[in-house]
Structure formats: structure tokens, C-alpha cells
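*Asks:* Residue numbers (my numbering), protein chains in the order written: chain A, 268 to 416; chain B, 828 to 926; chain C, 520 to 875.
Bear in mind the hints are in silico, worked out from the structure with no lab data behind them.
Just so you know, not all the hints are guaranteed correct.
[Stated by the list, open to error] Once the Cα atoms are required to be at most 20 Å apart in a straight line, the calculated SDA-like pairs of lysine to any residue come out as:
1) B:Lys919 x C:Ala588
2) B:Lys908 x A:Phe280
3) B:Lys875 x C:Ala588
Since this is a predicted model, take the numbers as computed values, not measurements.
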Amino acid sequence: MKLKHSLFTRRQFLNGLFGGWTTALLATFIYPVVKFIFPPYREPDEVILLFSDFEGMAPGSVKSFPWGSKPGILKKNDDGTYLAFVGVCTHLDCNVAYLPEQKKFFCACHDGWYDEYGTNTGGPPPHPLRRLVVEIAAPDLIIKREDVE
Amino acid sequence: MPSQKIFLSILVGLICVGLSLCVSGWAQPPQQQEEIQAAKDDASEEIKPAPKDIKEAIGIYVFLGWIWISIFVLIYILCQKIKEADRIYRLKFFSSVKK
Amino acid sequence: MKNWPKALSTWLDDRFGLSAITQFLKEKPVPQHKHSIWLYTGSAILLFFVIQVVTGFMLILYYKPTLDAANASVARIMTEVPLGWIIRSVHSWSSTFMIAFVFIHLISIWLTKSYRKPREITWMSGVFLLACSLVFGFTGYLLPWDDLSLSATKVGTDIPRSIPVVGAWVTTLLRGGGDVTGDTLTRFFGIHVCILPIFIFLLLAIHVYLIQKKGMSIPLDAETRNEDVPTIPFWPNFVYREMVVWLVLVGILFSMAIVFPPSLDKQADLMAAAPEGVKPEWYFLFLFQTLKIFPAKILFVNGDTVAVLLMLMAGLFIFFLPVIDNKPTEWKGKIITALGYVLVVYVLIFSVWSPL
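Can you build the whole structure from these sequences, using the hints too?
*Replies:* If you want it as C-alpha cells, here you go:
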């Protein structure tokens, strides 16, 4: 490097280039590794169930269905309408149970309570249970994420 | 200034390789699709590994191109470093240890 | 605080004393002579070994070592997991390269007689490392659990049966029962990911320690003539040269892995007839072919028994080579070098012959 005012020597330049380029090369190897070990998890947009499986539910009872890899809970209200939740406690991801006598959802992990509409009423849960949208299009029962049209 | 020239040629080479890879990648979609379809058809028999989609295919070949360019650049620099290290070693060797 | 990296390294050095190692590496002389090129095979093996460890760690995140799930989990790695087919391909290709370099490393040391006193145990630990690499390859071949790997494993685990007295027992031990079943798969998986890694790390430690302790050997003729062989320091002069080799090898490895990824056959069926073209991995082909050419009966003895016993004796001969070759400059040493060339020719011819 025969500049008039050289800021660094040829050696410094080469060392910097070498170190930088090696780091960049290593980084490109790390990218596929990260891609591989973090496979994308996609929550389903909707699940389609057979309505006939759920039609005969007694009012006030619940039935579960698979929502991706989580349990979904379908609850039949006393007026015959349906409510669907992701059956996972909003505190630390435990699966919740429905106690029909008390009309409450209960998480046994840290004693969390929700009312029959999924609102958090007691214990550590910070948010209500996540609601899902229920659509009856006989013979299908379609359960969608709330943000999916 | 040789290093600047090298830099420029590397840069131009990089762009050329990238462009040609992209072009060759885009030129192939129908064939690629067929292959993927074929792979799906006899999935019960044998799984032929292949890029999932055109984006992955391009990405992979750009990745390969980048690896080889890096290899040539790093080898060039390493050769310089080897020359220097050997020179320094020889200087020290002759000045101190010589019998 | 500008110089904190240096301060940190001094602080650590006060506790670990690592500067002794760096000082040692700076002073460690690497001889430069006409056979120096073979010195790079060792570090090439190490490079591929590291790649095997890393890609192995990755594959084990998704692999399921059971009869029902093994094949499907490999299929999942290849189709669903992002870039999984490349990772599997790199693992497979890297094993091929690693074993190829292990062979080259062995034969180069044989022909240059670098195993001679005082490096006998370095050689012997190397033979164990070769055995480990081959068992790694053999056990790994079964893990995708497809037709071909099942049949190859059946054949491979049946071979020891020809050994008199202990043979049947060895076969049962390898298979975990009379036949190759799901138990064999679990067993091979355990060997591949747990037992062998421990052994290979121990052996590598011994091998590398001995290499540092005894230094690089110099060519036999230079030693007998008591010549001075020019040297370069290990760090940085030699390491830079090694890095050039590594870079090229990494480039070739990834190119091969991306252009020629291994495919996966359908799940092995324990009851199905063997598929056509059952063959082991390429590095066992010469042994496979050797077994094939032996007649069924030699005099009163089973042909396979003779072949397997010969192979075992060859293995023992290779293991004790430094002890057998105790006068390297005399006629015995020359014959042993010639034997090395014969071995190369034999392995090459039989490997090529086998698929024909």
C-alpha cells in the first residue's frame, strides 16, 4: 500500500481483511445450523372438525380437539352456542381442565382459575384464555384463529 | 494499487456469479417443479433430497458461490501471511540460532 | 480500559497457565521435506471429525432410533426440517472423506515408516482410531433403516460367525439377539452416538498427545545419514498452511454434499427378500469382495472361516507393525514397505472389482 498518507500498513490491512472475511464465512455456516435447529412452528389457521361429533354435547359441557400441537377446548354454553379456547394456561403453558360443577377452568400447575368464559379470575394467570372463532357450516365445524378472516 | 484492483475484481466477480446464479435459477422453475412433483409421486418408494423451492435452490447455490469465492480470497491472503511468517522466521533463525 | 482483551487474557493465563501451550506450539518444529505433504492428512481427518460431531449433534435433535420411527424420522429430516437434507448430506459425505483420509494417513505413515521408534504407540492408537472410524461408518449405515442398510448390516454382522469358537457369540452380541431387529438398531445407535464418541475422544487425546510429545518424524534416509532437516514453527507458519488445506476441503465437501445428496429408500421390512445390489459402504468393498472370492470349502475348512481369520491376522499384523518392523533400514523393512504398496494395490483393485 503506497498511499501518501497510509492509515495502516499492508499487514494490518491484510490481517483485518482475513479476520473479517473468516468471520463472515463462519457466520454463513452458522445460518443453516440455526435454520435447522429452529424449525418454524406454525399455528394452524383453522381446523375443520365433523360437526356431528360435537352436536350431541350436553349444554355446559366441554370437549377437546387438537389445535395444532395444543389442546383446543370446545364448550357448549347453556343457550346452545359454542365457545372455543386454546386450552393452555396463559401463565406458564400448562394445559387447563374444565370443572363443570364449578363452571370454571382450572390450571393445576400453579392454581390458576378462569371463569366459564375464559376470563382469568384467580391465581397467577395474567390474561384470559385465548378464544378461537367457531363457525358451524354443516357438516363441518370450523374453528379459526381470531385474526383469520 | 494492486489491492484495490483485487478488491474491485472480487466485487465484480461476486456480482457476476450472483447474477448468473439467479438467472440460471430463474430459468429453471418448470423443471424444478416437475422434479419436486416427481419426488412427491414416488415418495413412498424413495426420497430424493432436493431444495424445497426455488428460493431455497437459489439460496443454496449463492451460498456455494460465496463459499468458493471466500476460499479463494482467504487462500490468497493466507499465502501472503505464509510468505511473511516464513520470512520473519528465517530472519530470526539466521540471526540467533545459526551454528 | 482500552487494553481489556489483553488484561483478560493475562488474568485467565494466571489461572490456567495456557501460555505454556501457546509457547510450546510456537516452538514446535515441523520438518519440511519431500514427504511433508502427508502431514496434512492428520489435520484433515480432525477437520472432518469436527464436522461429524457438529452435524451429528444436529441430526440427533430429530432422529428417532426405533424400529417404527427411524426411517420416517430420517425422511422428516430430509423433507420437513429446514435444510435437513443438506445437514444429512454433509454428515454422510464428511464420513466418506474422513475415512478416506484415515486410509491415506495410515498408508502414508506405513510407507514413510514414521511409526518407527519411539512412535510405536502413536501408530497403535491410530489403528484403534481406524477401527473406531470403521465402526462409526458401519453403525451409522444402519440408522436410516432402509432396505439396503438392513441387508448390509445382516451381512456385516454375520461375518464374525465364521470365527471358530467365539464367532456365533460375537454375532449375537452385535445384533442383540439372533437376528437383526429393532434391538440391533437401538444398539447400533447407542454405539454410534454414545460409546464410540467416548472411546474416540480418549484415543484422539492419546494420539495427539503422543504426537506432541514425540514431535514429527523425519524421513528415514535423513535420519540414518544424520542430516539436518529444515523446519518451520507449528504456529503460525504450519497452521496457515493447514488452513489452506482445510479451506479447499471444506469447499469440496459442501459442493459434493449439495450436488450429490444421499437419498433414502423405503423403510426396511424385516420379512422382505433382500433387495438387489446389496453392498456395504465403499470402504468395506474390498473386504466384501475378498469374502466373495473365497471358495465355500478349502480342504476341510469353511472358506469364510479362512478368509475371516486371514483378515484378523492382517489386522493384528497392522497393529503390531512398528514392533515387527524393528529394523527399518534392512531387508525386512524394505519388504514391509513393499507390502504397503501391495496393500494399496489390493485395496484399489478389489474395491473397483467389487461393484463390477
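*Asks:* Tell me if the straight-line CA distance from Lys919 of chain B to Ala588 of chain C falls inside 20 Å.
*Replies:* The given pair, whose Cα atoms are some 63 Å apart, is violated under the 20 Å limit.
*Asks:* Are Lys908 of chain B and Phe280 of chain A close enough, with their CA atoms no more than 20 Å apart?
*Replies:* 12 Å, holds
*Asks:* For the pair supplied as a hint, Lys875 of chain B and Ala588 of chain C, is the alpha-carbon distance within the 20 Å limit?
*Replies:* 19 Å, holds
The structure does not agree with numbered hint 1 stated previously, though it agrees with all others.
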